[in-house]
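Participant: Residues per chain are reported as follows:
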Amino acid sequence: DVKVTQSSRYLVKRTGEKVFLECVQDMDHENMFWYRQDPGLGLRLIYFSYDVKMKEKGDIPEGYSVSREKKERFSLILESASTNQTSMYLCASTDRYGPQHFGDGTRLSIL
Amino acid sequence: DAKTTQPPSMDCAEGRAANLPCNHSTISGNEYVYWYRQIHSQGPQYIIHGLKNNETNEMASLIITEDRKSSTLILPHATLRDTAVYYCIVRVADQGAQKLVFGQGTRLTINP
Numbered sequence: 001d002v003k004v005t006q007s008s009r010y011l012v013k014r015t016g017e018k019v020f021l022e023c024v025q026d027m028d029h030e031n032m033f034w035y036r037q038d039p040g041l042g043l044r045l046i047y048f049s050y051d052v053k054m055k056e057k058g059d060i061p062e063g064y065s066v067s068r069e070k071k072e073r074f075s076l077i078l079e080s081a082s083t084n085q086t087s088m089y090l091c092a093s094t095d096r097y098g099p100q101h102f103g104d105g106t107r108l109s110i111l
Numbered sequence: 112d113a114k115t116t117q118p119p120s121m122d123c124a125e126g127r128a129a130n131l132p133c134n135h136s137t138i139s140g141n142e143y144v145y146w147y148r149q150i151h152s153q154g155p156q157y158i159i160h161g162l163k164n165n166e167t168n169e170m171a172s173l174i175i176t177e178d179r180k181s182s183t184l185i186l187p188h189a190t191l192r193d194t195a196v197y198y199c200i201v202r203v204a205d206q207g208a209q210k211l212v213f214g215q216g217t218r219l220t221i222n223p
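Residue numbers (the working numbering), protein chains in the order written: chain V, 1 to 111; chain G, 112 to 223.
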């Protein structure tokens with residue numbers, strides 16, 4: 001079975017902090033994604049990566065950056081956290097043809 | 112991606128088969144039908160997908176009509192843990208690098 005592991009289920013940070021969300025997959029997938037999910041807004045793509053050191057902006061990249069130094073790991077960085085970044089963050093991975101597999105999510109609260 | 116239509120909510124008794132319908136009348140010939148579910152406060156979980164033949168795995172069965180304009184996800188013996196929002200999506204198979212877009216889905220409640 002595909003395993004996508006997000007480093008934290010719940011996280012509380014303060015406004016202005018730099019926040020790191022980590023995601024690791026164990027299936028040698030080329031593609032990895034970061035989404036956020038908010039009530040009434042559905043899934044929104046922040047960034048995705050199709051290879052090591054490669055990244056593409058999604059629909060809402062402002063305020064975020066990403067890092068993919070190794071194939072199995074994709075990190076999301078909130079450069080200076082703000083309260084409007086309080087959300088559920090979801091990491092997913094897939095190869096070219098398969099379905100996307102998601103982690104359990106990180107529920108991030110910015111105070 | 113083709114648009115899908117699902118009922119907003121359904122109920123099913125524990126131990127019975129849950130049959131979740133999805134309409135996708137504008138599906139193209141190279142688009143697959145995918146099903147995901149999301150249990151409250153967890154990440155979406157992939158269930159099954161298919162092109163035109165019926166598919167079965169350890170979680171569910173997928174029945175696609177011959178004209179491919181609709182499909183049904185079947186959970187053969189529903190348990191309380193199957194209570195979740197179920198999403199039907201159609202997309203081309205080699206869109207691995209494309210974002211996933213969920214519609215409103217069907218909120219399935221399994222009753223004891």
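Possibly wrong hints are sitting among the right ones.
Stated by the list, open to error - Straight-line Cα separation of at most 25 Å, BS3-like style, residue types lysine-lysine; simulated pairs:
1) K3/V - K210/G
2) K210/G - K53/V
3) K53/V - K18/V
4) K163/G - K71/V
5) K70/V - K57/V
6) K18/V - K57/V
7) K210/G - K55/V
8) K163/G - K70/V
9) K180/G - K57/V
10) K3/V - K53/V
In short, the hints are calculated from the structure, not lab data.
Participant: For each hint, tell me whether it holds in the structure or not.
Facilitator: Now for the hints, and whether the structure bears them out:
Under the criterion of a C-alpha separation no larger than 25 Å, the hint pairing K3/V with K210/G is consistent with the structure, at around 19 Å. Distance restraint check for K210/G and K53/V: the Cα-Cα separation of roughly 19 Å lies within the 25 Å cut-off, and the hinted pair is therefore satisfied. Among the hinted pairs, K53/V with K18/V is consistent with the structure: their alpha-carbon atoms are about 21 Å apart, no more than 25 Å. For the suggested pair K163/G and K71/V, the alpha carbons sit about 33 Å apart, so the restraint of at most 25 Å is broken.
This hinted pair checks out: K70/V and K57/V have alpha carbons roughly 19 Å apart, not beyond 25 Å. Taken as a hint, the K18/V and K57/V pair is honoured in the structure, with Cα atoms around 19 Å apart against an allowance of 25 Å. Of the pairs offered as hints, the one joining K210/G and K55/V holds, with about 13 Å between alpha carbons and a cut-off of 25 Å not exceeded. A C-alpha spacing of about 37 Å is found between K163/G and K70/V, which places the hinted pair above 25 Å, so the restraint is violated.
As the CA atoms of K180/G and K57/V are separated by approximately 33 Å, the hinted pair breaks the 25 Å bound. As the CA atoms of K3/V and K53/V are separated by approximately 21 Å, the hinted pair is consistent with the 25 Å bound.
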